[in-house]
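Trainee: Spelled out, the chains give:
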Amino acid sequence: MNCPMQHRNSETLMAYAAGELDRETGAAIERHLSACPACRSKVAGQVALWNALDIWEAPPVSPDFDRRLYRRIREQVRLSWWERLARPFRPMPLRQALPLGATACLLVIASFLIQQTDGLAPVQPRSEVVRADQVERTLDDLELLRQFGPANQAETSRADTM
Amino acid sequence: MESRVKTEMGVAAAALDYDAELMLRVKDGDGVSFGLLLEKHRVSVIHFLYRLVQEAAVAEELAQEVFLRVYRSRNSYEPTAKFTTWLFRIATHLGLNWLRDGKRDRGLERLDDTSPDLPVRQICDRRVSVEQRLVYDVKLEEVRQAVAALPEKQRAAVLMHKYEEMEYAQIAKVLGCSESAVKSLLFRAYETLRARLAHMGRT
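Chains as they are written, first to last, in this note's numbering: chain A, 1 to 162; chain B, 1001 to 1203.
There could be a bad hint or two in this list.
[Unchecked claim] One-sided excerpt, in silico: chain B residues whose CB lies under 7 Å from chain A: (1) Ile1046; (2) His1047; (3) Tyr1050; (4) Ala1056; (5) Gln1064; (6) Leu1068; (7) Tyr1071; (8) Val1135; (9) Lys1139; (10) Leu1140; (11) Val1143; (12) Lys1162; (13) Leu1193; (14) Leu1197; (15) Met1200.
[Unchecked claim] In silico SDA-like cross-links for lysine to any residue, where the CA-CA straight-line distance does not exceed 25 Å: (16) B:Lys1027 with B:Arg1069; (17) B:Lys1153 with A:Ile55; (18) B:Lys1082 with B:Tyr1018; (19) B:Lys1082 with A:Ile55; (20) B:Lys1139 with B:Arg1194; (21) B:Lys1173 with A:Leu21; (22) B:Lys1040 with A:His32; (23) B:Lys1040 with B:Asp1017; (24) B:Lys1183 with A:Trp50; (25) B:Lys1082 with B:Lys1139; (26) B:Lys1173 with B:Thr1080; (27) B:Lys1040 with A:Leu53.
Calculated directly from the structure, the hints in this document are not laboratory data.
Beta carbons are placed, not taken as given, at the ideal position from N, Cα and C, and that holds for glycine.
Could you put the whole structure together from the sequences, leaning on the hints where they help?
Mentor: In structure tokens:
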């Protein structure tokens, strides 16, 4: 069965089945349908399809959808340079500020200590700087003691003989 | 000068639609307006994406990305089109990209997954019999498969037309084609669906 209007008006028939037409156009289509089995069959098929598609319901949205979204917004939205700059100076609750302040203090102290240890020269073993004249004087003193100390001389000679 | 242009844009947006006006307020830093837009369009975007990708968890993830992009783009937003056109253009783009990337195969929970560790889906009405539930499940599966088998543009067009009740002109703007192309897409899509689901109308 062919209808001369069918191809020309297939969109109109589709819109009629979907209930999208205004009253006047809808009435005109109904008049045509009453006399045209081909279009009637087409509309019936479209209505049946519409009803079949209606059984596909989407599941309910998760109750925490908004919460997750706002968390992602907070985490991911790039801050402007001004916001980045101003962020540390925003007022912060004491509960958050205290641990942050303590951590910052610890970091400052730690970096200060590291700098201090880095600034010091490595500890070198102290080498005795002995000047030549000191050595000579000491040797002279020992010689004098040997010469003017008889007891020492006797002991020394005894030790030599032993 | 700038404020005059801004005001004119605001007036144009208000004439265009209330959503665009809300979005201009978001652009001015009004978070409450973003909340209103989210409240108004959350469900339709999620449901559209759900029918497109056919996985509830993925649809919600993609919808989050849609609203995240809307928020990120707030500073560059210009009310040149209806807000929902822009919103669904983002949603369609993300949904189709997800399908093209083949992520469907390694997606989360699938509706047709029959593994025993998944909770059994039930129709809410407890009065329906087991037989009715089975019939419903079979019909639902047929509808889902018939829609999923459509070419992607036809599928997106059908979902926007049937479930979101959008007009041809708006669907055309979302899909970036002419209005007559949308009519042709829908005509072919419904022809295919009628052929595949014809037996359901007779039951």
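Trainee: Can you verify the interface hint for His1047 of chain B: is its Cβ closer than 7 Å to any Cβ in chain A?
Mentor: holds, 4 Å
Trainee: Under the criterion of a CB-CB separation shorter than 7 Å, is Tyr1050 of chain B in contact with chain A as hinted?
Mentor: holds, 5 Å
Trainee: Next item in the hint list is Leu1140 of chain B. Is there a CB on chain A closer than 7 Å to its CB?
Mentor: holds, 6 Å
Trainee: Close enough to count: is the Cβ of Val1135 of chain B nearer than 7 Å to one in chain A?
Mentor: Violated: closest Cβ of chain A sits about 10 Å from Val1135 of chain B, beyond 7 Å.
Trainee: Tell me if the interface restraint on Ala1056 of chain B is satisfied: Cβ within less than 7 Å of some Cβ in chain A.
Mentor: Hint holds; Ala1056 of chain B Cβ to chain A Cβ min 5 Å, cut 7 Å.
Trainee: Compare the distance between the alpha carbons of Lys1040 of chain B and Leu53 of chain A with 25 Å, and conclude whether the hinted pair is satisfied.
Mentor: holds, 24 Å
Trainee: Straight-line Cα separation of Lys1082 of chain B and Ile55 of chain A no greater than 25 Å?
Mentor: violated, 30 Å
Trainee: Classify the hint on Lys1139 of chain B as holds or violated, based on whether any CB of chain A lies nearer than 7 Å to its CB.
Mentor: Lys1139 of chain B check passes; min Cβ-Cβ to chain A is 6 Å, inside 7 Å.
Trainee: Compare the distance between the alpha carbons of Lys1183 of chain B and Trp50 of chain A with 25 Å, and conclude whether the hinted pair is satisfied.
Mentor: It holds: about 17 Å lies between the C-alpha atoms, which stays within 25 Å.
Trainee: Quick check on the hint: Met1200 of chain B CB to chain A CB, less than 7 Å?
Mentor: holds, 4 Å
Trainee: Decide if the proposed pair is consistent with the structure: Lys1139 of chain B and Arg1194 of chain B, CA atoms, cutoff 25 Å inclusive.
Mentor: Roughly 14 Å between the alpha carbons, so the hint for Lys1139 of chain B and Arg1194 of chain B holds.
Trainee: Closer than 7 Å between Cβ atoms is the bar; does Ile1046 of chain B clear it against chain A? Give me holds or violated.
Mentor: Holds - the Cβ of Ile1046 of chain B comes within 7 Å of chain A, reaching about 5 Å at its closest.
Of the numbered hints listed earlier, those contradicted by the structure are 8, 19, 22, 25.
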